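These are the residues of each chain, in order.
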Amino acid sequence: MVVTTPPATRTRTAIVVPDEAAWLTWGHDLAAAGIRRVAAAERAEVLVASTLIPSALVPTVKEAWERMPPDRRLELLDAPLPGVPAAEALHGDGHHEHAADAGERGHEMHDEHEMHDGGHDMMAIVGDPSEDGLVMEAISFTLGPLAPSLPGGLVVDLSLDGDVVASATVRATLAADGAEPIPDPLAPRAWEAARAAHDGATDDTAASLARVEAERALSHAAWLRTFGTALGWAQLADAALDLARVLLPVRAGTDADGPGRRLAELLAPAAQRLRGVERLTSSGRFRRRLAGEGRLDAAQLRQHGIGGPVARACGIPADARSDDERYRRLDFEPQLADGGDALARAHVRVREIAESLRLLSALAADPAPVRSATPAASVEGPRGPLRLQAHGDRLHPRQDGSDALRELAAKAITGLELASATAVLVSFDLSPWQVGG
Amino acid sequence: MSTASPFAIVAVALGGAALLALIEQLIAERRFAPAALAGRAAGTLRQPLSMPDVKDAWLYHGAPGLLLLGAILALAMVPWAPGFRGLDLSTGAILYSGALAYVTPAVFMAGWGAGRPLQVVGGFRFIALMLAFEMPLVMAVTAVGAPAESLRPSAIVDVQHAVPLALSQPLAFVLFVPAIMAVCFIAPFDLPQAEGELGGGTFASYTGMHAAVVALAQKVLLLGAAGMTSALFLAGWHGPLLPPALWMAVKTLAVAALMLWAGRRLPRARIDRQLPFAWKFAIPLAIVAIAWSGLVTLLFYR
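Top to bottom, those sequences are chains Z and Y. For the first sequence, position 271 matches number 271 in this note's numbering, and the numbering has no gaps at all. For the second sequence, position 145 matches number 1145 in this note's numbering, and the numbering has no gaps at all.
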């Protein structure tokens, strides 16, 4: 076993833990490093993972490692993940406690390669005819926690009637352990801002806003890359990756230097790449592929208190930034769409990238501290409003509606053909991290 | 008319597949690196064979060979130059579609034999796709056979010495191209092996020689599809100045490049839309194309 970080040499097939989009948001461009993800462990030359592997992923990662060819290699990268050391995860007995799955089906759930008996026992004749009058064979299986197009750690239990989803449940299996958790490592800057808001900080500077907006833009671009892959549309996936690549230095710049002239210089290519993405997402090809798919209505979302881009795609102007005095001074407007479908969700995220770039430009032009008289109650993260709630001497992270959103996503894909179900599921940009909600 | 030896056809398959791999690399990765491709192929060949622990594993092991056999048999029907083709049959154009029929069991065997849910779904998908598009494919071929009064591919090329059939029979052409791409599961019709939703689908878990044979077979299918499109609709080897074989090669590679380019610029076709399209629209339109072909033949080819 050789432990290295990926050099940009030849292309290598890889199992990626947890997933490519997550690595992109953590600043690692695996595609540029020559990593090409494959779904089947048998074809993978390397296993790309974090130095610590979340305990819920350990059995699946270990199984994938054991199925890889004998000359397999392990490539470890740094990521803000809790868990067990990779070497221990791969060579231990695999009986790690599933922080998120305790009491659930954790040890029974593996990736989509899992067969129950080594035969075709995933199928069983069901008695009820499907819509076309035929009695079909049901195919029941589990996608995840390392499934194509899904964030690593998200698990979907599916039953197909032919190639139509007959039933589905969606579970987030990852949870931060430890005394001071990062509630969701996919949005650490937004959670830092939420903590600052909870602590009553009112003298936050432009740098904090810039970090959150750069994180949002990069998160949405990484999501769009995954979405393009799920749609089988290489041009969109490539355009999104190109955008993410120019957003990486923007985010690094906001982390290191804050807003200023250097940030302004970094934003110019991002705006140019965004125009390329907008051309594709406003095209007839995109609209025809997604219009009407996975539609939710606003009443459902209001009832469950769901916010974020999913709610804004239903025309609900819910955005924690609207209530933040600092954003109001920057003429912030929430980005809305009307359809409530996968198309609207994609459009909202692309518009939010544009709005984040505009906000970053404004902050770069005037990087003076942006003060607020009152602290924000919550912070709008890439997937919705985040806040911390005190219970006794402990702080509990909250992302309202996140549990309900997974249930609605499962309902939304029921009755759809598998390709559409995948696209719709990805369109929700669900986090695999369990945050109270 | 003379025919080429089986060895020559295999050489065309290997050489053409290598060229198509380079073109694909140029389009997908925006670079030209033959050494990288060779390294990737060598890496694949070094892998041990994957052995699924399922009851029907023989299906899994037999599928790549059958796929390659069907692809090469189809390729043998393509007329590359006057006197140079694998099989010179009076029904070669139809037999081309017949040879592609071997692809269906091969894809399904691969999916079923792998014993994994998404691979099985990929196999089922391909059967549905093949059944739906094979009919308009054969009907479009029938339409272009009328002016030549023959289904011999070389005769169809010869009848295009003045006007390519893509111009005189545009409807048959626009039906043939998506149908042949669907039958050869070329993106955006790569439904049985959809990466984003099926994780690579039917062929995802093949390794070593199996994976190499599958990759070769897919390139040969693309080569055959592009070659037959050039022969049946784009006047094959006819063209000014260049030698006939070179014209055919240029047209074939250009069509293949366009197919690969289109596959990246379009979202993957949805099977729930493609099947109704094929059965409800493409087949009736193919009947119209045949009627149009009869009219054009009576007016201009007699």
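Be aware that a few hints might be false.
Here are some chain Y residues pointing at chain Z (derived, C-beta under 8 Å) [stated by the list, open to error]: (1) 1117; (2) 1125; (3) 1149; (4) 1276.
Keep in mind that the hints were calculated from the coordinates and are not lab data. Note that the structure is predicted; figures quoted are calculated from it, not measured. For glycine and all other residues, C-beta sits at the position ideal for the given N, C-alpha and C.
Item to check | Broken hints, by number | outcome: 3 and 4
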